[in-house]
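Required output: the full structure, derived from the provided sequences and hints.
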Amino acid sequence: MKPAPFAYHAPRALDETLGLLARHGDEAKILAGGQSLVPLLNFRLARPAVVVDINRMSGLGEIREEDRQIAVGALVRQRRLEVWAQQGFPLLADALRYVGHHAIRTRGTVAGSLAHADPAAELPALLVCLEGSVVARSPAGHREVRARELFVSHLTTSLRPDELITEVRLPRLHTGAGWGFLEVARRHGDFALVGAAAVVSLADGRIAEPRVALFGCGATPVRASRAEAILAGQPPTPEAVVAAARDAAGALAPESDLHATAEYRRRVAQTLMVRALGLAIGRARGNGP
Amino acid sequence: MGARYVGAAVARVEDPRYLRGEARYVDDIKLPGLLHAAFLRSPHAHARFRGVDTARAAAMPGVVRVFTFADLEPFLKPLPVFGAPPPGLAERIRFTIRPTVQYALGPGIARYAGEIVAMVVADSRARAEDAAEALEVEWEPLPAVVEMVAAARPESPRLYPDWPDNVAVGFTHAIGDADAAFGAADVVLEERFRIQRYVGMPIEPRGVVAAFDRRDGTLTTWNSTQVPHFVQQGLATALGLPPGRIRVVAPDVGGGFGTKAAGYPEDALIPIAALALGRPVKWSEDRREHMMAAAHARHQVHEIALAARRDGVILAVRDHIWLDLGAYSGWGIVLPYNTVAHLLGPYRIRNLQVEVAAVVTNKTPSAPYRGAGRPETVFAMDRAVDCLARRIGLDPAEIRRRNYLGADELPWDLGMPYRDGNPLVYDSGDFRSALEAALAAAGYAEFRGAQKRLRERGIYQGIGISGYVEGTGIGPFEGATVRLDLAGRVSVATGAASAGQGHETTFAQVAADALGVPLDWVTVVGGDTAAVAFGVGTFASRSAVNAGSSVHEAATAVRAKLVRAAARLLEAAPEDLTIEDGRVSVRGAPGSAVALAQVIQASLPTFARAGVAAPDFEATACHHVPTVTWASAVHVVRLQVDPETGVVTLLRYVVAHDCGKVINPRIVDGQVHGGVAQGIGGALYEELVYDEHGQLLTGSLMDYLVPTAMEVPPIETVHLEYPSPRNPLGVKGLGEGGAISPPAAIANAIEDALEPWGVRVTETPVSPARLLALIGSRRTA
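If you read the protein sequences in the order shown, they are chains C and E.
This note's numbering applies: residue 1 is where the first sequence begins, and numbers increase by one.
This note's numbering applies: residue 1001 is where the second sequence begins, and numbers increase by one.
A few of these clues could be false.
Stated by the list, open to error - Okay, the calculated bits of chain C under chain E, using three or more residues with CB under 8 Å as the criterion:
#, segment
1, 178-190
2, 229-239
Unchecked claim - The following residues of chain E were derived to be distant from chain C, with all beta-carbon distances above 12 Å:
#, residue
3, Leu1414
4, Lys1452
5, Gly1699
6, Ala1709
In case anyone wonders, no lab produced these hints; they're calculated from the structure.
For glycine and all other residues, C-beta sits at the position ideal for the given N, C-alpha and C.
This is the structure:
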């Protein structure tokens, strides 16, 4: 379990990093927290010719608070965001505590988890649920990639090989919105077998702006758009929630693996969606913690 | 001689170095000129290969040498095998035993994915791995034999073409008259249980460093092993050197659990490479190798039947047992006979009939792992007993009350031999009292009321029981040498290498009490063949019994020598002397006290005089342990099942156990906790999964799920001390016990939680997906 040979670069300046990425294209891998890449290297499952270590770059370690969103620099560790979020962004803190273990979150970056795009990971689902985005830079300039355009397939994003995520943008919840984030994993800290993130508001006693993302049950995090449409404008009853979750689960195409069958994932996605929406509605009503 | 330390919760003397990161493991050994080995391992479960083309690899940067079978043939002897039936057993049972011959490097055939094909030695591990990838092998795949029950049938493809089938060890065995008992029974319960393949998974994988010293012709090898003296003997055979020229050192070892008690190809290959190259060589097993090449364990199928009366009294047991040994059978009767000898456990049953087939398959070879057949057999028996209780409408606690043996019935002679050939007689204990103690500690009676109320709120909690009786401390001996220095400080050396169990504390307690010295005067060395001439090793819950007794015996002998010398010095009768706190005095005259150092120094000659006695304050003992002593326990677990997700959450775990005289309750608690954690792994998480081609699918710790602190509930222990009559310390073994009952207790508790739906758990691990499927099929039925 030693990596195959590769060239190592540790640039400090953005231009230098982008230059390396442009030069090496597909042959290069970006090393940030290393919590996914290093095991892949050691197993020789990833054999990049070049590793570009961005940990010495400056200006990527900030959490910037804006009115409607927070902007998280590419080198912000998951643990740091978790601690930050415990005050003002409880959904974020709720989701982050499921990411690996404390030690992993202390190294792993928020942007790195999104770039890795594991469909059973928490942060991609969160980005989808919040309708967030990432800022990608290349020698040609920068662009904002929305969550729904970012995740293409299993471990695959729409980022080009010459692009570096410099910032993650996470929209804040509307005042009065409630949230629920739940997952089932084999053990604490494992990737989810299946999970659900939900955000709802209530307007005149009816569900408004519901957003649900399911994960661990498709090639990317799944936005339950049709179920959201079913819920919108409905009274927040258990029946309405169950009907929407049943619809969402029916549309899933999960896969079987060592740890759970596709059938399990479909059934439990429905259960967790019901529970996450229940939590979200309760919090929106001000009942919840 | 007072028991000042034995029985006290002394803090573990080894812990500061572990906690400070100062322990020294094999991988920490660095020597000048050290080279590194990597292995090419078979990618196929079963395949012939013709030649290994080494040209490209040998020319790569940093590569020193590539070794194949052809290069090493003169050194390669078949790996050592164990487990021939001893006299006393062989007379009673007719075993069919077919030995398998395994070489450290395969001669043209690989019988499991992971078997070594070639070894590369280079100036770094990374370069050795690069070169191993560049080796070219021409493979001819053969059909893979994967599933054990199918493999036992004569029509199955075979691993060894000259055998009639794949059964490496087969036998039948009976006591009493099972046929008559089944004929007379009111109830017959039949069930099939499958125990998965899982294993100890030590935090430190294996590792070997070897260095040959040309000056004196000695080989030193550091090996992360539980059995340094076995490794020494294996090397003596392979290399043709006398044992005294081979020093095997097990430095700090990060967990063993049986995985490191086997003889392995790498134990020989690294020393051979060091000899051939004249430079020290290191191999540190990585986790991927460990998963495929370190021994696997467990993995049995039981078709069990119980015959019982309507009132729940069990009359007889029949069991057809299959064991999956993997590709080589290195342990003979050990696992199959352990399984049979522990089937009846704490139950008062006089009729038994078993048929056993230990089968070879194209998988990683198995070895005894913490429990070694007992967790599997207890799973089958205790699951069957719960099924029987449900069938006749008895509470699981009540059926055990009616069938467990009590103190008044011991010693209990099963009427069959143990694995060592001696009569299988439970020497001491009280299984009924252990049951009541565990039930009381777990609040069993109160729980039954709470359970009903919770169910009405849709909360499904359950409680499960499992008990076992375990033959511990298998002999025939362990070596121990006790020696004093000029200051009276004590060094104790034993062949019982420690893998973290706390030997440095417990053996110090035994020696300090026997000698009458403060605990911190004693230093314990385990795992160095140069420190003690004869040894066996640490496995099978044997060290407290075997090494403990030998330490006691040797220390007692040294004390007698001290007393003899002091009697001369003090001009007193030896029987009037006492040693306490490192000082010898005449009983009743504390003013006469002299330090042990003074006694020792007085024994050395000076220019003026001869010594008062022979300056020999050293003794070696190999206390004879002809047969095992029987430990026992009852486990009770409380848990909650989420019937919508299949997730099981453990709430409380209680162990009431008897390990005889407790040397150190803190260490005993730790051993029980560790064992229970591994048992929880077997119940809920861990499984080595193969596909139909014999490929291991769980190749990393992302897929092979060891429980973490988050998955292990609070564990309470109740110590019941029934001293063993079979050794001078009154101790019984305890290393394995914790791991035996959790799978059965947890499965029983899951069924108990889901009793309204009649869910039946017949295999482990009980993953959420497996459990939800079971719930689903019952709820819709």
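Hints, one by one, checked against the model:
1. 178-190: Result for this restraint: holds, n = 6.
2. 229-239: violated (count 0)
3. Leu1414: Since the minimum Cβ distance to chain C is about 40 Å, Leu1414/E lies beyond 12 Å and the statement holds.
4. Lys1452: holds (25 Å)
5. Gly1699: violated (9 Å)
6. Ala1709: Per Cβ check, Ala1709/E is inside 12 Å of chain C; nearest 9 Å; violated.
Hints 2, 5, 6 from the list above are not met by this structure, while the remaining hints are.
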